[in-house]
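K.L.:
Use the sequences and the hints to build the structure in full.
Number of protein chains: 2
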Amino acid sequence: MKIDPENPADLSAQIAAAIRDAIVDGTLIVDERLPSEAELAEQFAVSRPTVREALKRLAAQSLIRTQRGATGGAFVNRLSFEAAQPQQITTSTLLLSMNAVSFETACEARYALERACAPLSAERRTADHLATMRAEIHRQGHPGLTDEAFCASDVAFHRALVDGAGNPVLSYQLAGAVEAMQPLMNMITFTARSRGKIIELHTSITDALERQNAAATQSALTALETETQSLAQSVFAERAKKPG
Amino acid sequence: MKIDPENPADLSAQIAAAIRDAIVDGTLIVDERLPSEAELAEQFAVSRPTVREALKRLAAQSLIRTQRGATGGAFVNRLSFEAAQPQQITTSTLLLSMNAVSFETACEARYALERACAPLSAERRTADHLATMRAEIHRQGHPGLTDEAFCASDVAFHRALVDGAGNPVLSYQLAGAVEAMQPLMNMITFTARSRGKIIELHTSITDALERQNAAATQSALTALETETQSLAQSVFAERAKKPG
DNA sequence: GATTTCTAATTGTCTGGCATTTGATTGGCA
DNA sequence: TGCCAATCAAATGCCAGACAATTAGAAATC
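So the protein sequences, as listed, match chains L and F. Residue numbers in the first sequence follow full-length UniProt numbering, run continuously in steps of one, and reach 244 at the last position. Residue numbers in the second sequence follow full-length UniProt numbering, run continuously in steps of one, and reach 244 at the last position.
Be aware that one or more of the hints could be misleading.
To be verified - Calculated Cβ distances over 10 Å to all of chain L for the following chain F residues:
| id | residue |
| --- | --- |
| 1 | 90 |
| 2 | 167 |
| 3 | 197 |
| 4 | 219 |
| 5 | 236 |
What the hints assert, rightly or not - For the chain F half of the interface with chain L, some residues (derived, Cβ under 10 Å), not all of them:
| id | residue |
| --- | --- |
| 6 | 26 |
| 7 | 55 |
| 8 | 88 |
Just so you know, these hints were derived from the structure itself, not from any lab. It should be emphasised that the depicted structure is a prediction, and the values quoted were computed from it without experimental measurement. The beta carbon of each residue, even a glycine, is placed where N, CA and C say it ideally should be.
P.N.:
Here it is as structure tokens:
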């Protein structure tokens, strides 16, 4: 673990990179304790605040955790899917909002990915997954539901669908795509009629999964994508007509 | 932007979260300059090192960039897909290696996601994408190629396939899944015979894409998945027989 | 008017110190 | 001997102040 002493700027970034590399290539293993801040400062020939800045960078990526006290210190974190997901969602959300990604593009990606889960989910979904999906469908039918709550329930429905595939890697990747869409979906006003259509399609998806019919699940998802796209298009067209 | 003064621990994390929230909800917009470190320290009633630790956390996530000098400071970064991808790949790689995800599970997720790109890629792939894929296939046929270089070429091939879909959201999500598999793939020894089979399947994939035949692309991908899985299984079985 | 120099603002880093937390040690007491 | 409380030591969390390096703009000079 070495840093470049020639370049006196960005010392904390260099130190963070050195430690990160050591974690990635296995030099530092899970739950291993890093040297204390004072020792690291000595090793890298920098001051303690600089070391601390480096450690905070790593902590921001959940690569390490710190613990105070006599046996405390910085420990290599076991990066869990649960810990990585919130950050993945934040990043995906910002990517969409800051890069002028069209609703169409985001929606296309999301449904393409969900269709990828469909065959696995049709095979492996448990009664629990189906129950969650039906519960969300039921909630979506409630008349007093705000648009935002409707979207949140939609996300919960789709996450259950994805989790039904029983593949944590898929669930992790899809969480970003599905949740990041929520701010975009929240821009849509859902009329009673469009809600009814969506609920109908959610029901066909759930039915198809229950019958373990992968093809039917995929075509229902495609229908839902088409419906969502045209709904968004009409909302945006309406908004363009009367600005303000 | 407020922090909880009651809880004296984790001040830098609280400040980082406050600023991150301001960026996510649009209070701070792209390229906007944050107050100087001294001003932030005053606002949050903490010291400058604490503010700096918070800023480093945000810099680690590419949410801000800093610039020295008279008109310098911390600026909200436009989070680009290019900047987010390396971190997404690092995270995905660590998730696989630290969570004992089986080769089977990771492989299944990867090919499910790639199949999701196939229809779009069949529709939109350019001559450039096809040329890249054929070039990688050609490289893979070179006899002197190390296993590691073969894997790297494999990754390049699949990334071209994914990029062919012309959807940056898909490319971003898939990059994590594809690249993170590389360390797992590197554990496999590729015989001349297995390389030949893979090259053959890569060729059918490229041919199907060239003919814009989505179904053929998907079934070729499925065949490649089956081949990869059985290859891995035999390698691991062999390794289990004679340990060391 | 162009070039050079100066200046002010800002981040990057260091030194030194104190507060807080927490496990380990040690001493006292039953 | 066994248990419990007080103490201790190590480590992180935080702070104050200072200096160095960089950079843009202003001022001075040719």
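K.L.:
Can you name, in rising order, the numbers of the hints this structure does not satisfy?
P.N.:
1, 2
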